[in-house]
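Student: Listed below are the residues making up each chain.
Number of protein chains: 2
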Amino acid sequence: MPDTTLITNCTLLTETSSPLIANGFLQIAGSLISDLGDMSRMPSAEGAAIIDADRKLLMPGLINGHNHCAMTLFRGLADDLELTAWLHDHIFPAEAAHVNPEMVYWCAKLAAAEMLLSGTTTVADGYFHADAVARACRDTGLRAVVGHGIIDFPAPGVPDPARNVETVSGFIDDWAGRDPLITPAVFAHSAYTCLPATLIKAKNLADENEIRFFIHLAESRQEAGMLIDPRGTSPVRHLKALGLLDSNTVCVHSVWLDDEDLDILAATGAHVVTCPQSNLKLASGTARVARMLGRGIRVGLGTDGCASNNSLDMFREMDMLAKIQKLQTLDATALPARQALRCATTGNAALLGLPGLGRLAVGSPADLLLLNLKAPHLRPFYNQDLLVYAGKGSDVHTVIVDGRIVVEDRKLLAFDLEETFSEVDKIALSLRKKQHSLQPL
Amino acid sequence: MPDTTLITNCTLLTETSSPLIANGFLQIAGSLISDLGDMSRMPSAEGAAIIDADRKLLMPGLINGHNHCAMTLFRGLADDLELTAWLHDHIFPAEAAHVNPEMVYWCAKLAAAEMLLSGTTTVADGYFHADAVARACRDTGLRAVVGHGIIDFPAPGVPDPARNVETVSGFIDDWAGRDPLITPAVFAHSAYTCLPATLIKAKNLADENEIRFFIHLAESRQEAGMLIDPRGTSPVRHLKALGLLDSNTVCVHSVWLDDEDLDILAATGAHVVTCPQSNLKLASGTARVARMLGRGIRVGLGTDGCASNNSLDMFREMDMLAKIQKLQTLDATALPARQALRCATTGNAALLGLPGLGRLAVGSPADLLLLNLKAPHLRPFYNQDLLVYAGKGSDVHTVIVDGRIVVEDRKLLAFDLEETFSEVDKIALSLRKKQHSLQPL
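Those sequence lines, one after another, are chains A and B.
Take the first sequence: its position 106, counted from the start at 1, is 105 in numbering that gives the first Met the number 0, and no numbers get skipped.
Take the second sequence: its position 418, counted from the start at 1, is 417 in numbering that gives the first Met the number 0, and no numbers get skipped.
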């Protein structure tokens, strides 16, 4: 492949709210976007690889702000259960029995396949055996912010909780600067599973390495009553008292926030990633996203792990975000489609510390999608809002990450999907044998 | 094509809650299912057309309980607006200017294409120029219950409201017994657009012809205050007082029902079709579906017209139904996945008066789907609940309606999709020219 690629004859959406360019081009040099605009001013194609888009829509790749990639193994294992029963009777036992580096590698690869094929070009993950997650993403061509989990209990790969922060430090040292697509991060599970001292050590580790600090926060109504050694009357106030809230902190879920909590997030510059489908499926509630945005809090969007979703399709997630906010506010104008697109692109990029992503602009990394618009559900196509309310991951035709074509005509190019299916099937079979309630297949 | 078709080597889901048959077959004779079961007892294949399912999932076709097919033209025309502004400033003017038999025929055909390609084999429609809807469905191979609209205002094709019931009577006479796939019906728009006398005439017309009576009911909180000549303090009580509620009546939406309204529906045997995505997008609220089912009310599922959704994918709708009921009840066990599947199959079939549909059984019409399970988002596949929480219309590979293959390898066989695109594009272009707020494309 030549160093320059020219995508021609596309409908071009450069950024969430920009007007569409009806007949555009985009030029990639190496891993970066080097030019774009109307076809009338297209540069010379000499020496460039040409991709004739044939009127497909060219748009920024989507960013999934929160996932536990390896949990594809548990997708559909236990649905329609109350959160505590789901975690304690199903997910935790299954994790204890089945999570190891092999499992994490192959199941994260399966997640990466699903994400790439549905238009996600960057994921923020949080799990254990994070080295295996990082290798899986690298091997599929997906860009990733890989958070290593911290919890004050014995965990996969971290049998001694006293060494949990140290283990993450080792992971960070291993991956810092190793691959342009992989950014390590710190993922403290929550304030109901980590001691205050652990949270502080974890945050310091993130700050010293200038990488992001993630934490599940205020997911359920019960969480305020479950905090370990609480320093405040809400999860947000607890974190504030510990000095953990600033613009390097990403709070995930944040469903149960009162007005004072919102004031604190706005004042500290801490970010929120909302996971609307997971919050619905586990009956956690609905985050006050429209209100947060109105207060100037930066909000991104994620799918959560697919055991509580059960899909990693960010198109589906954007649709849900826009719709559920209308219900919560009983206002049909709340969180319009373009705001949902923004959360999944530039919003996520900014809060993950990857500010060049989420838009198509000269000098930005070439992370982008070609979408097939010749499908009944995208006709007529009056404007980009339809991507949120009718678009599907399956509309994705071509995916480019960091200038490299990783999906073409819905085929994954960087790795062998059949091998991944086969390895995951083996693990799922061993899990299934232990779960007599499961149907044979 | 021989009169007998044998589908082999499939994963077989015969009915919502049935255990999967890991390696099954299904035999079709003419338009009906003539045998099915485990491959070990497959009948002779001699003289039969063979479809090797190659481990695809064979399941009943989905039924869309409420749609306004022709409104594909207005998909994405005006999103994120309050209901009254949406209707009066955008949809009604666009309908007044653009709805005619040509438009209805082509735009309903576009809807049929989208529905077939996403696994819907039967739709219940309600619109004007219903003859064009019926022709469009017939020409695409989709099974349809086609309701002709009744409203006490001048309407497309019915300039004189005094003749509205008479017009529908003519439509019924035209289509009664004309095509095995098309069943006419009466669709009274609502109790805030129809006089009591009109509603009674419309219901009598339905009863006399032994066809269904549909009505939008209690969609918004405001509706109780908008009833024409109210005979009760709620839309449900108004209809009860008029004698319109019985097992031949299908109430659509039914978001704002109090406990007494639920008692009335349960006692009269009237049915409900819920449209969760439309109700969210227009900020109408959430129907109390879990409660209705608990009271023994039959509930089906529909997409509503795609201008307020904006998708006709019943997989997406099932997912939303199951999730939104968990939020409404704050109970993660509410409306489990299989109940959502039931609403979209046997539930809809029963309330539409098509009781053989929605399940795979000997003697039932052969309306069925083959789904590709070799996709990352459907791996592992522990059981059928995953169809609700991760399945997508785009997983549909083959669709058979009434024994006839209408989709094969995601290609529509019964009609020319390109011609439909081209005709709808022409109409959309003329609409776009009148809407200066729209972006050029």
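Since the hints were derived computationally from the structure, they do not count as laboratory data.
Some hints here could point you the wrong way.
Note: identical chains are not told apart, hence a pair may lie in one copy or across any two.
[Unchecked claim] Pairs of lysine-lysine residues, derived as DSS-like cross-links and limited to a Cα-Cα distance of at most 25 Å, are as follows: (1) Lys-432 / Lys-200; (2) Lys-410 / Lys-373; (3) Lys-425 / Lys-200; (4) Lys-425 / Lys-410; (5) Lys-433 / Lys-373; (6) Lys-410 / Lys-433; (7) Lys-200 / Lys-373; (8) Lys-373 / Lys-432; (9) Lys-410 / Lys-432; (10) Lys-410 / Lys-200; (11) Lys-433 / Lys-200; (12) Lys-425 / Lys-373.
Student: For each hint, tell me whether it holds in the structure or not.
Tutor: Verification of the hints:
no., hint, verdict
1, Lys-432 / Lys-200, "neither (40 Å within a copy, 61 Å between copies)"
2, Lys-410 / Lys-373, "both (18 Å within a copy, 13 Å between copies)"
3, Lys-425 / Lys-200, "neither (38 Å within a copy, 63 Å between copies)"
4, Lys-425 / Lys-410, "within (23 Å within a copy, 33 Å between copies)"
5, Lys-433 / Lys-373, "between (45 Å within a copy, 24 Å between copies)"
6, Lys-410 / Lys-433, "neither (34 Å within a copy, 41 Å between copies)"
7, Lys-200 / Lys-373, "neither (52 Å within a copy, 44 Å between copies)"
8, Lys-373 / Lys-432, "between (44 Å within a copy, 22 Å between copies)"
9, Lys-410 / Lys-432, "neither (32 Å within a copy, 38 Å between copies)"
10, Lys-410 / Lys-200, "neither (43 Å within a copy, 57 Å between copies)"
11, Lys-433 / Lys-200, "neither (38 Å within a copy, 62 Å between copies)"
12, Lys-425 / Lys-373, "between (38 Å within a copy, 15 Å between copies)"
When each numbered hint is compared with the structure, violations occur for hints 1, 3, 6, 7, 9, 10 and 11.
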